[in-house]
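*Asks:* Position chain B against the provided structure of chain P, taking the given hints into account.
Number of protein chains: 2
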Amino acid sequence: MSVPVTISIDAMGGDSAPEIVVEGVRMAHERLPHVRYLLFGDEARLAPLLAPYPGMAGVCTVRHTDEAISNDAKPGQVLRTGRRSSMWLAIDAVKKGEAAGIVSAGNTGALMAVSKFVLRTLPGIDRPAIAALFPTIRGETLMLDLGANIDCNANNLVEFAVMGEVYARAVLGLETPAIGLLNVGSEDMKGSDVVKTAAATLRESHLPINFYGFVEGNDICAGTVDVVVTDGFSGNISLKTAEGTVKLYSTFLKEAFKSSLMSKIGFLFARRALNKVKVRTDPRRYNGAMFLGLNGIAVKSHGGTDAFGFANAIGVAVELVAHGYNERIRKEFDRLKPANVPSPQLAAGTR
Amino acid sequence: MSVPVTISIDAMGGDSAPEIVVEGVRMAHERLPHVRYLLFGDEARLAPLLAPYPGMAGVCTVRHTDEAISNDAKPGQVLRTGRRSSMWLAIDAVKKGEAAGIVSAGNTGALMAVSKFVLRTLPGIDRPAIAALFPTIRGETLMLDLGANIDCNANNLVEFAVMGEVYARAVLGLETPAIGLLNVGSEDMKGSDVVKTAAATLRESHLPINFYGFVEGNDICAGTVDVVVTDGFSGNISLKTAEGTVKLYSTFLKEAFKSSLMSKIGFLFARRALNKVKVRTDPRRYNGAMFLGLNGIAVKSHGGTDAFGFANAIGVAVELVAHGYNERIRKEFDRLKPANVPSPQLAAGTR
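Just so you know, the sequences run in chain order P and B. With the working numbering applied, the first sequence covers 4 to 354. With the working numbering applied, the second sequence covers 4 to 354.
Looking at chain P on its own, in the form it has when it is part of the complex (with noise of 0.2 Å):
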């Protein structure tokens, strides 16, 4: 049996909330019943979504607030005057120790800088990164950052790499995971200044990390390595391309399925088969991004996600907090002080 955690969320976050938020709590406790939960945001709208299940007052704790952060506030603002939001107070609830994690469908740019000043970034790591798994031929890759910096650093690269190294351990359960650095091409000489430094770095520093080298934008669905390390900017346009990419493809199936009678009558004999698919490239199953590196849990979930992905955002709040994450990278850290390590760069510690 699974001992009980509590998971704060930002019931007012997202493209549908509170609809969403409060059904995707419902899906997520059919699947973990272990899990409590405590929900902030406007209560008299949320007490009515949660009344048609009883089951739900057993694990779930409202707690008020007016306020609600908007999808276009600047992460600037936010910080100066989102202090009795929904998201703002169910970060902080992570920070006293209320909760083991949070989960918000809300502005991303405002959950992380929140979710930075609040809880503070993990000993010996600079920046947090946005990381989440991708779909890929083998199984799945992890991949960081997904966005949260968009001018990076080699050092930020390397941080980057021992904490999905880590996740990779932890979370996903690899001895030995093989790390990449995605670049335009896998020679040595190929690159900016930035990922030939991180590269060197990884392969220098006597990290103790599989560092496979570079790996090139088709690797990610190939599968060639378990954990793909970028900078957010390359990082956030890569995984949108990926989901564009599956939207084309599908549409052109649908289209090529409904062009003839034959083509009709196969859809009917091979729909289980194609749903099987669906459900493998399905973007709600990989919903919930990890901000990794902070000192706490913090999932975001997407804004237009539905019930079903907003659940799954919560499972890998979760997953993060059951296998002890932050506890383990911060070990890792500890191990990586500067009189173990060669590396300048790591050794800089947070600059």
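Below, simulated DMTMM-like cross-link-like pairs (lysine to aspartate or glutamate); rule was C-alpha separation at most 20 Å, straight line: (1) B:Lys77 to P:Glu190; (2) P:Lys257 to B:Glu258; (3) P:Lys199 to B:Asp75.
Keep in mind the hints are simulated off the structure, nothing from the lab. The model shown is predicted, which means the values in this text are computed figures rather than measured ones.
*Replies:* Using the frame of chain P, we list chain B on its own:
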């Protein structure tokens, strides 16, 4: 009837050269009977490949050379020692006016370096870019740069926008093509300083361009704009991510259709429809990356493509020639001379 056009071919470039190159020329000849070819390479190997096709004698001229550029040759080394190579001589034929464009499936870095050295950039253009068409839900979108320029400043991106815009008008025949700048969000405040400055220039410079604003990775395949502008690092990663995602999706499909008797029957009925999807997403159909901004037409074929793909790359070069792309871009940059344009970036010209 079309005016005769001569294309020079690096017959020794690519993974399976010269076999697939000659076969590609033969396929292109069937589709484009008005095109003549100058084939640079080892005559002893080319002659027997051409011999079985008597029709080819009238359209192909072989220019012998012993030397070829290997795939792992470094561009700097090729610039110093590659003057007698098939690649260099093929490019030189364009410089000399013997050919209207050159196609090579060889080493990309070397091809760009030698093309730039021999052909030079067009007046007013700082750096050439690699451009290619993407299939989209709405048709096709041009994207550039795909890997020629790892580090770009705002001025480079503005030049790419102009080059792409002219392509969309001249070759795709669009009246006022929409140009988007690839970024991690569509809001003005998002992204790196480079993209923000480029966007400001495109918005405020009175360039005769229909600037849509920022687009995200998923907008590429959605066909949100006609031209997507980005730096070579993100562009290359995005292109290869899309290729990898198509491969993933088609692998999932294959597995699904093999998973049961029902789905196998479904496959038989839907085979023709599925084949259509395969054709629409076939990377060979999109083979032929254009080096835009050079004082001459140069097209890079994928190194691992087959004859069908190589023939498409020839088609891309012939299209650029037929639509007078370089004359159009030259006129466009003449119009944009310092006196006519208030943009300090573009006015600075070839810094």
